[in-house]
Amino acid sequence: MAVKMIKQGRKKTAEQERIHLTINGKAYELLVGSEPDHVEASHTLAHTLRETLGLIGTKVSCDNGACGCCTVLMDNKAVLSCMTLTIECDKREITTIEGLGDKPTGKLDPIQQAFIDHTAFQCGFCTPGIIMSAKALLNENPSPTEEEVKEGLSGNFCRCISHYQVVKAVMATSRGVR
Amino acid sequence: MADTYRYIGKATPRKDAAEIVTGKTRYLNDIKFPNLLYGKVLRSPYPHAIIKRIDKTKAQGLAGVKAVLTWEDVPDWKGGTPRYTRILDAKVRYVGDAVALVAATSEDIAREAIGLIDVEYEILPAVFDMEEALKPGAPQLYDEFPGNVVTPGAPIFGPHSLKQVVMGDVEKGFEEADVITEGTFGYENIPNPLPVEAPGAVALWEEPNKVTLWVTNQSSYLDKITLFHIFGRRVEVRTHGGPCGGSFGSKMMSWQVQTYATLLSRATGQPVKIVFTKEEHLAAFVLRPGSRMHAKVGMKKDGTVTAVSGTWLIDTGYYSMTTQSQVAVGCGEVQIMVRCPNWNLKPTIVCTNRNASGIVRGFGGQELKCAFIPLLSLAMEKAGLDPVEFFKKNYVKPGDGYFWRDGNWYTYRAIDYTKAIEKGAEQFGWKEKWKGWLVPTAVNGKKRGGVGVGVHGNADVGEDASEAYVRVHPDGTAVIISSVTEHGTGQRSNYIKMVAEVLQLPLERVSMTPSDSLFTPYEFGPAGSRGTYAIGGAMIAAADDAKKKLFELVAPMLGAAPQALETVDGIISVKGDPGKKIPWKAMGVDRTLTGYGHFEPDYTMANFMMTFVEVEVDMETGKVTLLRVLNTTDVGQIIDPPGLEGQLNGCLGSGGIDSALFEETILDRSTGHILNANMIDYKWRSFSELPVIDNVILETPFPSHRFHAIGAGEVATAPGPTAVLMAVSNAIGQWLHHYPVTPEKVLTALGKVLPKKRKGGAA
Amino acid sequence: MRAFTHINARTLNEACTALWKYKGKARLNAGGTDLLSILKGDILFDYPEAVINLKTVPDLDYIREEGDVLKIGALARLSNVAKSPILRKSYRVLAEAANSVGSPQIRNVATMGGNLCQNVRCWYYRYPRHLGGPLGCARKGNGPCLAVTGDNRYHAIMGGKKCFAVCPSDTAVALAALNAQVKITGRAGERGIAVTEFFNPMGNSLGRGEMVNEIEVPRMAGRAQQTFLKFTLRRPIDFAIVSVASVMAVEKGLCTDVRIALGGVAAGPVRAKSAESLIIGSAIDEAVATTAAEKALAGAKPLGNNAYKVEIAKTLVKRALLQSYF
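Protein chains in written order, with my numbering: chain A, 1 to 178; chain B, 1 to 763; chain C, 1 to 326.
The reader is advised that the hints may include incorrect statements.
[What the hints assert, rightly or not] No farther apart than 25 Å at their CA atoms in a straight line, the calculated lysine-lysine pairs in the BS3-like style are these:
{"no.": "1", "chain 1": "C", "residue 1": "K295", "chain 2": "B", "residue 2": "K446"}
{"no.": "2", "chain 1": "B", "residue 1": "K10", "chain 2": "A", "residue 2": "K168"}
{"no.": "3", "chain 1": "C", "residue 1": "K295", "chain 2": "C", "residue 2": "K89"}
{"no.": "4", "chain 1": "B", "residue 1": "K15", "chain 2": "A", "residue 2": "K107"}
{"no.": "5", "chain 1": "B", "residue 1": "K435", "chain 2": "A", "residue 2": "K77"}
{"no.": "6", "chain 1": "A", "residue 1": "K77", "chain 2": "C", "residue 2": "K55"}
{"no.": "7", "chain 1": "B", "residue 1": "K745", "chain 2": "C", "residue 2": "K71"}
No wet-lab data here; the hints were simulated from the structure.
Work out the full structure, taking the sequences as your base and the hints as a guide.
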């Protein structure tokens, strides 16, 4: 394979040199660039969370903003991490599924416990994204109606059809919180 | 029934529940591998072409690229039924067909390298319609399939594999009929089961001829067997299975993504991961077969079917992965649904220049019934028969017989489903809502209501073989050694439940090994509805065997016969003499005992699912809204209530009911492009539009295993689409012949839009 | 995604200067929900060289009334537009249109400017590179329109010329019914253009170095009933197959002012002016609404697969009018 090595054109791709993120309460400083563990301009937040930081709880399915599996909270709002450029998240506060619950005691977030109690999942791949959307919903509206729960989760795809149990679990959580 | 059991029939938290809700589950793409390379596929822009020349020098020269493979670099490994489809060929047969493989140190570099491969094609004419493909002079996809007819009944289930339903004397049958009807119906929208997790694999090749794969599907042991044959029986294959983000049949026995990873690992000496994008998942991975049936039906006024004669065309796309097996099972299922002595139903499997169809939940039965039940309905309409009464009369009863997939005749020995039908109809309010054929249930200004019903059942509840080991330990725990992985049905937890029930151990004290074909025994996989009876049977037998060995060992210590012993929570005692007991530790702390269980196939039982639907049609816009769904079945004994409910609710997923409403893979039949290979243009049901759903589940004990249960998960999707077609046809007062019933189709049927001959559009 | 240069714009001027500098090879990034799909699909023959982040420009996300005029900054989030009390009170049709876009997660980041300037959804235009694409076409300037001879079930039924893709923006339809103006800023200064003039079959009227910075909506005098109807195969996520926005003022049972805008039918939102004139001065009943609907779609020229859209559009116009009449 004696060929001229074509180097991938990696000229300076961003003015920013570092990004500061708070993820699940922990501060991160990430360098911008094309070296391993750096953030490239084209990296999505989903990629950074999963590949660079090893936080694999956020799952990727369509990778195009249409299924909600990659949902995380950014400044308390549900956003699609696969459609967010990490380089544009400087100073943002992000919560992933790993950030729910109480780390020291191991106690689960009430939403997570309700999902267990109601078997609100089947294969589980879409579950972290749904839980994060539910979290965002309940943060903003602690006593939603069933319709409001359905609308709040309407951007989340589940193919096994755990929807009915999910709605029960979220309603149960909101009743518990009241 | 459930009261007699400690766990069976009771809702128990799934073993993997905490892992799932905290995001800790490691699906394939979550596992880290050192030194990993990423694989990508270069895909054809043409539906049918010969590759004249490939220049990969620029791609190979890109920094970070470790291998570029074309058809000239790979062994002559083939898949399909029959095995004629090369892993990489000098010919491409659909837009998206694999042309070359690249492995690189990052996905971005692999993608860039793909773009640097230079290919010269000689474009050939292509064919996208079954009847066109069968015509003389049509473009031929394979030299081996003259006329594009894929070899029927390749002996996938033995030398007499069912390839048609032919019996009795149809001429005589038609003479006996009170009504005779004829028609054509098509289920050709080739929906995608579309599990959330994309297909993928990681492979690590070891010289000279060994490969270890990490796979994601519902049967990783079967991957080992499938790939062993694909690799010419010359490579030692080991598979690691793990949690799977949904499959619905589609990932079972899939072979290409695993083979790509294997070839790239062989070429580079490093582990290689390939995970399809969602676009590839939609345009280059398993679709439902397309189905078109033309048949004549003879029926008596009392609902007896006297004759069925017709042709069933099945479009398998550019090759048949296992389509003959779906035809075989479909042909078997149709006899289970309809008691008719005279058949002349001839299937023909056709290949066309599009992405291939393969295994999907419903497995041939759904594709057949979506065309066949409407054909039966034409006769029911003429005879003035209520379809629920028709199905009640015709569904297989104990003592009836049918040819099953292997071509053998079996006598049915499971239960009569009449009660389930009656209970379901009653709860749905069928008698009040059914107003006759092509008559709406209600008229409300510009909206019309309609009801419909569909039915399905499969004698696969005891299909294929399974093995399991259960090892018991002195500390009062047990482990199941099996390659069953979790793909959404909860079965991994259910087997733990079954073993815990047999051994009377607390659930936390029973676990299951990881899935590793190196030491886990043969397992066909929780496919179809076999998980509860077939795999359960092996699990129960293994637990029983372990218990037997344990009792034989400790019986002398208790001065009793082994048969006189019982065990609860790790303490063995003599029945009726609770004073005499010893803990499992008595077996000795330096040993374990392993029981073995095997399940032999049993095709004498079938499950049952009937789906009632109520729809509302907006007569001005053509929009169909699914208001209500009711599934009714009888499972003998529920193993896990929420698990079963989840399976039945699943009728709204995996290309089920919604394939009648809005799910379709949109193929441009002039250029061959799949136009909606993304999650916005491929439509799926969301939280916003959930119909009311009720599941009526009876429990009449089956002669299966000790829990008298059979499975009913897979069959949930098949009855729905026909029920919707029936309901909408009834609402608007005329028969619709194609799926899905989009607003356009409804408006065209109502004469509000002139039917236009589609050139580039779908059927 | 392939690599690109990333720029954080601190001011509108910086953004416009960067756009100018890159001669059409740079893209603005607001919410990112459309741009990233274009980049990931690698559908263009000319991959953008630079992405200019607008989120670093402060004070672009306002929603405020100045007298009788509603001013919305281009970076206003659709979720905020949807629940804004100002909009819910007097510009309801826009709030409802914004609320019908995408999904909750998308609405949390998607912006008014992005919604107006997003790429078309034509599935030939968007055919992904890695499935054997990209496809050349009229819009890309290197081939004929593939939809004309192909599957055009979602394409334009009026005004198509060279490119037959429809405008995917729901807010544009509501804005058209509200007589809104799109405010544009660039090297040549500021200008405004009616939202109905902003779109054309090949794109929009932004010139080199220009961007949308504001949307201006005059408040309708008196009480006005506002209706937004969006027809899709399923909810949410879907773009409109057809949509209708209507705003109507009624006095003493007679319609004194009405705007009817159609979406999903052409390269931009279409005001059904002749239908509007027909209704002024009338009471609205089924017959009047039906006639107006016929008039609204009189100019329709469907392609091979989308004649059904004409029927649906007529029904939506009729229903919107009946719903708006009070």
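To see whether the hints hold, each was checked on the structure:
1. C:K295 / B:K446: Distance of about 21 Å is within 25 Å: holds.
2. B:K10 / A:K168: With Cα atoms ~19 Å apart, K10 of chain B and K168 of chain A stay inside 25 Å; holds.
3. C:K295 / C:K89: violated, 31 Å
4. B:K15 / A:K107: holds, 17 Å
5. B:K435 / A:K77: With Cα atoms ~50 Å apart, K435 of chain B and K77 of chain A exceed 25 Å; violated.
6. A:K77 / C:K55: holds, 16 Å
7. B:K745 / C:K71: At roughly 43 Å apart (the allowed maximum being 25 Å), K71 of chain C and K745 of chain B break the hint.
Checked against the numbered hints given earlier, this structure breaks hints 3, 5 and 7; the rest are met.
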